Amino acid sequence: MIRFENVTKVYARGARPAVDDVSMEVRRGEFVFLVGASGSGKSTCLHLVLREERPTKGKVFVAGRDLGSMSSWNVPKLRRQIGVVFQDFRLLPNKTVFENVAFALQVIGKPRHTIAITVPETLEMVGLAGKEKRRPHELSGGEQQRVAIARAMVNRPPILLADEPTGNLDPTTSLGIMRLLDRINRTGTTVVMATHDEEIVNQMRRRVIELDTGTLVRDQAHGAYGARGQVIPDPDRSASGAAAGTATGPAPGATPESAPTTAVPRAEPAAARPAAEDEPAEPPSRRSVRRHVEATAGE
Amino acid sequence: MRLQFILAELGQGLRRNVSMTVSVVLVTFVSLTFVGASMLLQAQIGKLKDDWYDKVEVSVFLCPTGSPSPTCAAGEATPDQIAALEDVFESELADEIQTVYFESKDDAFAAFQERYPDGYLGTQLTVDDMQASFRLKLTNPENYEVVNDVVTGRPGVEVVEDQRRIFDSLFLALNRASLLAAGLAAVMLLAAVLLITTTIRLSALSRRRETGIMRLVGASNLFIQLPFLLEGAIAAVLGALLAVGGLWVGVKYLVTDWLSQSVTWVAYVDEADVLRIAPVLVGIAFLLAAVSSVVTLNRHTRV
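First to last, the sequence lines map onto chains H and B.
Numbering-wise, the first sequence is residues 1 to 299 according to our numbering.
Numbering-wise, the second sequence is residues 1 to 303 according to our numbering.
By construction, these hints were calculated from the structure, which means they are not laboratory data.
Keep in mind that this is a model prediction, so the values were computed, not measured.
Beta carbons: idealized from backbone N, C-alpha and C, even for Gly.
Among the clues, some could well be false.
[Said to hold, decoys possible] Here are the simulated distance ranges between beta carbons: (1) H:S71 to B:L179: 43 to 51 Å; (2) H:G14 to B:Q12: 40 to 48 Å; (3) B:K252 to H:E132: 53 to 61 Å.
Produce the entire structure from the sequences given, and follow the hints as far as they go.
Structure, rendered in structure tokens:
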């Protein structure tokens, strides 16, 4: 469905490549997490799939078509095959929920009766039935993201790209959004989700593709988020880490069920990784306790 | 659906920056009024030429007695010289000359007496003070130089005169006025282009959210850009229509109702001429808007 062949993207001449010689393939119906620190090239990969950017070297294929040789007037056709969801929702504040979702169909020239049928169906699918007349500012963050997902899916695209869809949401709401994305995936839609959210990745146990400063360092079926440095040395961590077990496994491949499809060893030791990860404000002790609770609750 | 949607977007865009739209309308109005005025002046010059060039002739004055011109050194033009000239008119210049009329000294005197029965400023002139001449009507008055080249310097010819010279200063004045109008029009048109560009850029920026989503869900380029294109085009065409209206009123009240009543012997431009240039003005406005929009939009709402 999506194939990268030795793709390199350099934004400014002479700068470090945002994506460096990445090859990967996402098959139809897969659910893939794209993980990595900020600036590791996740968003660039999504932009390349949407052909908002063109690779400097290498080839990108989406739905069997080579984006490099695609003429610019065929790009809209490509984008009708891809739904996109963002961290900041990107809803139109002056339109109602219904109008926001209908907008995606109106601008590609769908007839009115199609819109009248499809939009309510889609809103029901994302769990927003009865809120058609609300405006985005009257909704919670999770509901706004559901509207955004409805807008992305209303044209029934075979691919859904999600760029940190839970980045602005609390863990409980995030869980709801993930259930929705999972449900969408089960109906046959290929989902690629770029995220920082360790918990979600670890809970879902789907394929994980990890990027580090533009290079692909891990492609693992049923993967976990992977090791990360600690902000503050954490005396609790060793104890709770043993209890949480597989969920926070420090190195890929340590857990029995995760078999790396691409054996790319991590170049740096975990301790040397930059400390500026997400959620720096949260004390690691609380995080690991919560994870521990959820990990046991999930089983 | 599509049409309705585009019209709704268009209305929203126009309402969102009314003041910019109005300024585009006014600037195109003023600039196209100058363009139109320049065109009408040219039309007026054309009318005058049509009207007067039919009446004017080329005069070939023959040597009188005591002329200082070197070709007249032999004294008054002889009948032989006159006959030779007639030969030239009929052979060499047959294509250029429509009619030839010979005015003898007697004819000239008769005409003179008819015009001034009481003598000219108290002088007493006789037949011998008159000058014989050929009056030539040219097939194409513009080809005066050809005739002049052939005839000037022949024995018995004192001077060749083109009566159109009389109008030259008038036409020069009209042409300069027309050039001035065209120059002002050019400056105003430049201002109009810049304003339209700015308006569309503002409009595009204020609707970046919408256009961003439209691009993502796969709306075609034309669909995204059409409301902006129409916005510029409608404002510019409105300005052009105002300019046509202004010119029509101007021509009606200044020329038809006033000038042509007081100075009746001249052919003037009329309202029909204004209507004739109207499509040109609207076309210019449309082109202006289209070109500046496409340039701006390609920079700001690219896929």
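Quick rundown of the hints versus the structure:
{"no.": "1", "hint": "H:S71 to B:L179: 43 to 51 Å", "in the structure": "holds (47 Å)"}
{"no.": "2", "hint": "H:G14 to B:Q12: 40 to 48 Å", "in the structure": "holds (44 Å)"}
{"no.": "3", "hint": "B:K252 to H:E132: 53 to 61 Å", "in the structure": "holds (57 Å)"}
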